[in-house]
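Participant: All chains should be built: construct the whole structure from the sequences, respecting the hints.
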Amino acid sequence: MALDSAGTLLAPPDFAGGQQAEEKPRSMFRRGWEVFAENKLALIGLGFVIFVLLFSFVGPLIYKTQQVSVTLGNAYCTPGPQHLLGCDNLGYDVVGRLMQGGQSSLEVGLAAAFISCLFGSIYGAVSGFAGGIVDAIMMRIVDAFLSIPFIFVLIILAVLIHPSRVAFIGFIAITYWPQPARLVRGETLSLRTREYVAAVKVAGGRSSRAVLRHIMPNAIGTIIVQATFAVADAILILSSLGFLGFGVQLPQTDWGSMLSNGLQYLTLGYWWLIYPAGIIIIMTVVAFNFIGDALRDAFETRLQRR
Amino acid sequence: MTGYLIRRLIQTIVVTLIVTIITFVLLHLVPGGEVRAVLGIRASKAEIVADSKLWGFDQPLYVQYLKWLWQLLHGNFGFDIKYSAPVSTLLWQAFPRTLVLAFIGTAVGLLIGVPLGILQAVRRYTAVDHIITGFGFVGYGSPTFFVGLMLVNWFAVDLHIFPAFAPQSTSILGILADPVALILPVATYAFIAFALWSRFMRSSVLDNIVQDYVRTARAKGASEQRVLWGHIFRNSLITIVTLLGLQLPVIIGGAIFIEVVFNYPGMGLLFFNSALNTDIQMMLAITVLTTIVTILGNLLADIGYAMLDPRVRYS
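Line by line, the protein sequences give chains W and V. Going by the working numbering, the first sequence opens with residue 1, and the numbers climb by one from there. Going by the working numbering, the second sequence opens with residue 1001, and the numbers climb by one from there.
Calculated from the structure, these hints are not laboratory results. Backbone N, C-alpha and C define an ideal beta-carbon position, used for all residues, glycine too. Any given hint might turn out to be false.
[Claimed, not checked] Reference excerpt, derived from the structure (chain V facing chain W, CB under 7 Å, subset only):
1) Phe1146
2) Leu1149
3) Asn1153
4) Pro1249
5) Thr1287
6) Ile1295
Facilitator: Quick look at the structure:
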């Protein structure tokens, strides 16, 4: 999912932008935001992500439900004024459950994306900057990670450890970091030949300074775009693990566990156990993809067009 | 060409060795994890020590690794404690079934996704483009198992058109002899794959449309059809083949969800059952085997390329 290149950035070059050269130079983020904001899908995506974050983390303060112990008397209750989306098989209110599940899914998604992209970017930048035999060895390790079907590794780890939320973040990060590593290494290969990187060396700066202060900030576009897709991927991975029964443990839940739990009652007509969880997963993943696509356009356009 | 081949072969061997180390180390992250997983949480310390000795887990890690690697080199994936049978016997039954399903599913996905991606690129920013993009987004925002179970719900439970289960035959011919039962699993595969490939193809074609060689072809008077199919399409396929190689682990790994949903007796289902039984030897064997298949697949793709495209050999 993260490997494609943007189609939309190939809009015809905007030659009419000639007057802009006389304006005051604007910051790169400002210009990036303007391109981003032109993209309606991106704004929809951003809006939805903010909504889901508020829903999951602030929602429980307003819509109070009991999410710790089982209330069998309420099991399978239909949606109504008391329980907006009904109750599940254990009597948990589904809206409250979605908030609870959202906390797990979003926390794991965001944290795993952050850690894997941070580590992967540094790894990739070091590998590309070092070059030669070091680069060759470091990239073979990345190749090895990339050829392992990671879902198998995740399941093995889940079986061995019965993971907590924190462990899930670590596991997903362990399997995901090679993707940003490869991209950033590619970016570094072109950045390391620039004059300002050579200037660090001439001025007596250390390699670590060149990598951390000069190469990484210039690869930040690639890293942020990759991180956005990583959040979407991590949410999908966690929900898939939930389906196989290796998700977070009761009374906690995540969207994937909710969905697979509801799917057991597929033929009984309890639609509120299936569609809300399914739709919120799809919409959140798609929203992060919208944002990722638009960010890529924004960073690319900054380099190419304006 | 020979130089390239030798370099590429050495790389493959190195990567394979690293893969065995990674999987082995991950497995042993938890000391005594495997024995504890097999014996259950109520096992006493003495039992764990005794069993560790019996299965050789008390030896230093590198000794265990070298032993395991030596067996692997002989095609011996170890002896399965739960099934009381050699792991390799079970694997060779299940693996071809997974390959058949994954191959058909991916092929159908490509046959739908690639032409749609071209159509999107040619008619970019029109209604057709947006509609296909919309479907594509649903395709890769959806967890595979959700797509599969929804298809079962609509087409098997409600409409009674297709069976809810994949073919249960143990032989490949038996599976192929029941194409109606294959339709839903293949459709699930294809829906997810279509989303990916139409997106890749669209951006690959758009990348090529602005290249100089396209302008040259037009300037030389080639028809639009010839420019599209003879020049842009062929160059875009290069990207698609590379991405196909990179996606192999996802394609094979994704089999687990389809096989569990449709109860298809392939390697994914075997892996899932092994996970439920905490049968770690089997899980390790399946992971290593699928990884080696992925690496070999990538090697073949690269060699195919180097023969077709001289630029690759010199890079």
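Participant: None of the hints should be skipped; say for each whether it holds.
Facilitator: Hints, verified against the model:
{"no.": "1", "hint": "Phe1146", "verdict": "holds (5 Å)"}
{"no.": "2", "hint": "Leu1149", "verdict": "holds (5 Å)"}
{"no.": "3", "hint": "Asn1153", "verdict": "holds (5 Å)"}
{"no.": "4", "hint": "Pro1249", "verdict": "holds (4 Å)"}
{"no.": "5", "hint": "Thr1287", "verdict": "holds (4 Å)"}
{"no.": "6", "hint": "Ile1295", "verdict": "holds (5 Å)"}
When the structure is compared with the earlier hints, no violation turns up for any of them.
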